[in-house]
Amino acid sequence: EKLLYSLQNFQTLLNKEIRGIKENVDRLKLEQLTLHNQYVSTVQDVEKIKSKVAKMGTTTSETPYVFYAPRKNPWFAGRLTEIEDLASLLQLDQGTTSKPKVNTAAVCGLGGVGKTSLATEYAQQRKDFYTGGVYWFSGEDNTTFENSVYDVATRFGTQRDSFGLTFSATLEMISRNKNPWLIILDNMDQSSLSSNVVKLVSGPWQQDASGHLVITTRRKPTALANDIRDFDERCVLSLKCFEIEEGKKFLFRRVGTVHDEEVDRVAEKLVQQLGGLPLALEQAGAYIKSLPCTIPQYLELYEKQHLRLLNRQKATPVSVYDSPERLAVRTTWHLNFEHIKQSVDDGKSAVRFLYASAFLNPNEIQKDIINIGEPPVEDEEFSECVKTTLGRQQVVKLLTDFSLFKETLSSNLNVHQLVQEVILENLNQEEELQSINDAIRMLHYAFQNCSSPDELLSNETEERPSIICGDQSRFYNWHKLCLHSYDLVRHLKRMFKLSNVDCVKIFLPETARIVYECAVHLSANSKHDEAKEVVNFAICIFNLSNQQIPASSLFPHTMPLPELFRRQIQYSCNTPASTMKDDSRDGVEMPIPSVSSEQLEEMRMKGNDLFKNGFYNDALKIYSEVIDISKNTAFFDVMLLSNRASVYLKLGQYDEALQDAEEYILQRPKCWRGYAKKALALIELKNMQDACVAASIAYYYERNLFRDFEPFRRIFGSSMEKRLFVCHDTLSLSKALWKIRILDHCRNLSRNNSEGFPVVILENGDYLVSSHTIDSDLFGSYGKVRSLTIKNCILVGGEGECSITFDDNHCVGFGEVFMAYNVSFRTRFSNCHFLPDSVVKLTHCSFESSNNSYTSFCCYGELKVDSCKFYNCTKGGLLVVGDAEVENSTFFGNEVALEVREGGRLLVRKSRMYGNKRQGLLIGPKASECVVEDCELYDNELSGILVVNCASDVIIKGNRIYDNDEPGISVIINSNVSIIENKILKNNHWGILLTSSRAVIKENKIHNNQCGGIFLQTSCSSGRSVIEYNDICNNCGPGICDHEQLSKASENKFQNNKEKRNQSTAQSEAKLCYYCKKPENKLKQCTNCFTAQYCGRECQKSDWKNHKKVCDRFLSDGSIVVNYVRKPIMTEHLSPNKHIPFKTSERAPGLLPVGPQYCPPPDTTTRFIVKVSSAEMDRGRKDFNPSVVRLYDRSLKIDGILTDADQIHQLAWQHGTMGQLYSSFKKLFMWAKGPEHGKLRVFTNEFPPYQHW
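For the sequence shown, the numbering used here gives the first residue as 7, with consecutive numbering after it.
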């Protein structure tokens, strides 16, 4: 016990000693760390002192430190990315190297875009880096250049007897400086560079120098490369105008005001009006600050005066060398104009096009518009120039050399809108008329040489536009040219209102045709009221041109465009795929690899060696580097993706391996490697069925794969190959199905489910399956119907078209576990069921059926559909009464595209349903659940989506639902729906129609729907609907129609909906006398044709000799004669389209009374007003007839229907106002004359004001 006690005491003392030692060690470590930090700090201080001493020695004994640049601009805003890009171009992040080198970069752009300000800000921000000094030279002209050199020389003390000696001594002083320095050559914009400027930017003095040179210039990169020896075009920063937010930030700093939401909105509009041009914003800000006034006050004045207001205040100069001309928008581009005018080669031709371009859309001027014109431009020298490709290229070169115009990657030109305004301001009246004529003729020539909607007139069809529209870019060029017609129409209207302009010179057929193209484009974009006004403007110009031919020869389309015709045009105006790629690059050239193709191959081989030796991380790094360097270049080798996928597999990064494998397959779809790597990745991701599909396709392209490819040999062995059956005809398919049945039977007997399923690979061809073409023993009975069951297998289509046609009147069932990949299924009399308790997956398959008895493809079990196509199915595409997930699929030409009901559950995402004969998607009755996300539903003959009797949750979210003949979304009969974040556009009825149902409608864009935004009728037991945070704009009816107050609406945005009962008169803005051609607001019409108009009786009498030759033609051009049947509607009657009686008492409240006691009956010789009613509802009814419309006048003398009146119906539907009692009726007041002999003349050219009876 004593010994134990002694040991315990000893252990206690020992532990105490150990703790003390540990504490001492920790204290020593802390002291050591403190001493180390003090040492490091001391070393750093010593190095700093050494550096300062070295700099002092260098700058004092050899080159004095000079910072000679403009002062920092207190209003500078934004441009953070541009400053970093400039630093990158100068390789600032690499610092200075031991080898002497002058790195040169250029800032290019339009005059006034802020190049000098950017260079100043760069110098100010980086002055701590440039310890060797900053030197500012002006290259505007020889005088300012010499002055700037003398200013720097004064600070160096290098003045000599002549400028040449002073300049050389100054450059010598800079070149001797071993510290980083910066030279800025500002405004290098001389047409021909002087020898001294050339010496600065590329002279021999640079050989032993080491620093940075920044050039600001209007020259484009190719011009810089021509003017400066060894200049790299990639070292150019192309400066653009401010984006909206940057422009606002600059403006607020410049004027120094505190802004609220309203001022912010006005500032945004001002930035847009000025095109984000920094010089213009500086002038505006200087004016606001000096007056002073507010931004809203300035904008109000600017919208009236434009350049005149801008010219009242010049900008504050950035540099002391800035010339006064550079400080105002009005004068800053004179340098560019003079450069073009003084060019010996084709200068006059370029000027002529320059003037004409002032009347075109500035954002995209196609080079095709540089042409001889039709009729030819009256300038022989211009015509000779633009006839040749070389001549047109020379014109483009002159316009773009100094950034006045910019060349886009899609081979078009753009110009700033203020450049156009300056050009127009400098044109006299004769030049303006000549230039707009030139623009019209060149644009007319371009229109005549591109595909246009006129081509559709020869093959009009009732087929769905979304289906028959093969070339979706057919009218893309026409669409782009039409954008110029908008600008021309605006200028023509402006000129027509000026009494001092001789507009007779532009009353030409080609002018009328250009205006008409604008009207067609407006109507194609559902802007029918504007289109009607513009087409009347075109007709007015045509009539004033005194042509003896009917207007229909120049204006062949019915306006407004019939709806299906309109859609066909719109669907054919999409951007070509090649142009989309160009535009997405946004002016950035295709990357040039920083290493050669030989170096890339060397790096790839190094990666291969690292992979073979097991250094997978190093190999991954090499492969990724090579891919990043070479991708999107001509040197990219797609094998790199396969190599990297192998590395990812080794590293266990299976998702990344799968991504690389799928990208490889996209680029080499017939190579086994991509499918093999995909299969290996999917196996590791536990997706065995998809792995089997990928492995089968790999086997299809490489038949020795399971023996020669080690990973497959290891994973699959020989079992997979034994379960593969390759078929080349129906007989071999029949044998394969028998073998599958035997294998399935054996599996059930052995109860071995570990083996994979057999796979049938179909060679290219059509496999006709019927009881006559395959073994009849494969068929069983399902009631009285013979049935064929295909289960527990995978069906894979090989290369090309692999189709299976089920020919007999039998039932085909796909059961238990079934997969199909790249197979086309067709049924003639059969129907196909995905059986209950089955799991079916369909990928890249197509389904077509001519079975007109019932829906051919029905899901009763669990179904997954990915990237499939259901089309031309007579009784519907896919019916879901089980559970289905549908992604990335298309449904078109069916009766109902997709349907879920009777307890079915459906999730459909990223799919398209279009051109179907009824709804795009039918939900109900009694569907259990349905979610529709990120889909497109358009051009269906009835609703885009119809929900019927679904009390359970239906979610419609993030879809585009447009161009459907009936409502975009219809919800009826006790349904409960969430409609969230959708775009519901241009439907030929209401955007959303709710009847006896409840909906939550949030954050949708509901625009341009023909009847209105949202219509609610008949209450629902589920409660009131919620409508909030929606953007409801530009609908041709009320934003929300809820007479029964069935909803709670809040925080919705309403704009430009037809809430009030009114209508456009469609009158032309060309208020010109047909005789004297002078503008006049109050004109009197000819009482026969109601088209020709005169400022007084004298002009009308004087013009009668000419007008009587065309009066009847004007009458027929502006009206149509239709059959009239008297059928009183003010007593109980039947609607022509709907058998619903309504009585006089049902007239809407607030209307003025009608009858002979309220208005004298019209006689047959005068024009009078009639009220036309038309409907577009229940289009699916066989008795629907849009060619029948109702009309009456206020006296009720005219009270009946018009037959064969399709055009009247179209006018009423597109231009009319929603009826107050009936949500699907529209009314339009029109001029009429007659009736005579059962005919009534209805005027279609313009409409009377809205009447309140």
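One or more of the hints may lead you astray.
To be verified - Beta-carbon label-pair distances, calculated as ranges: (1) T228 <-> D1212: 53 to 61 Å; (2) K511 <-> E309: 26 to 34 Å; (3) V937 <-> I473: 21 to 29 Å; (4) D735 <-> S793: 22 to 30 Å; (5) D1212 <-> Q478: 33 to 41 Å; (6) E309 <-> N894: 20 to 28 Å; (7) R713 <-> E805: 46 to 54 Å; (8) N465 <-> T228: 29 to 37 Å; (9) E1034 <-> T1001: 56 to 64 Å; (10) D1212 <-> V269: 45 to 53 Å; (11) R166 <-> K107: 21 to 29 Å; (12) A583 <-> E805: 41 to 49 Å.
Please keep in mind that the hints were generated in silico from the structure rather than gathered at the bench. No experiment lies behind these values; they were computed from the predicted model shown. C-beta atoms are modelled at their ideal positions from N, C-alpha and C, and glycine is treated no differently.
Structure-based check of each hint:
Judged by the Cβ atoms, the range 53 to 61 Å given for T228 and D1212 holds: they are separated by roughly 57 Å. Taking 26 to 34 Å as the suggested C-beta distance range, the pair K511 and E309 conforms, at roughly 29 Å. At roughly 27 Å, the beta carbons of V937 and I473 sit within the given window of 21 to 29 Å. With their beta carbons about 23 Å apart, D735 and S793 fall inside the hinted range of 22 to 30 Å.
Our hint of 33 to 41 Å for D1212 and Q478 is violated, since their Cβ atoms are close to 28 Å apart. Our hint of 20 to 28 Å for E309 and N894 is violated, since their Cβ atoms are close to 48 Å apart. The hinted range of 46 to 54 Å is not satisfied by R713 and E805, whose Cβ atoms lie roughly 22 Å apart. Taking 29 to 37 Å as the suggested C-beta distance range, the pair N465 and T228 does not conform, at roughly 46 Å.
With their beta carbons about 21 Å apart, E1034 and T1001 fall outside the hinted range of 56 to 64 Å. As the Cβ distance of D1212 to V269 is approximately 51 Å, the hint placing it in 45 to 53 Å holds. Taking the beta carbon of each, R166 and K107 are about 28 Å apart, inside 21 to 29 Å as hinted. In this structure, A583 and E805 break the distance hint of 41 to 49 Å, their C-beta atoms being roughly 24 Å apart.
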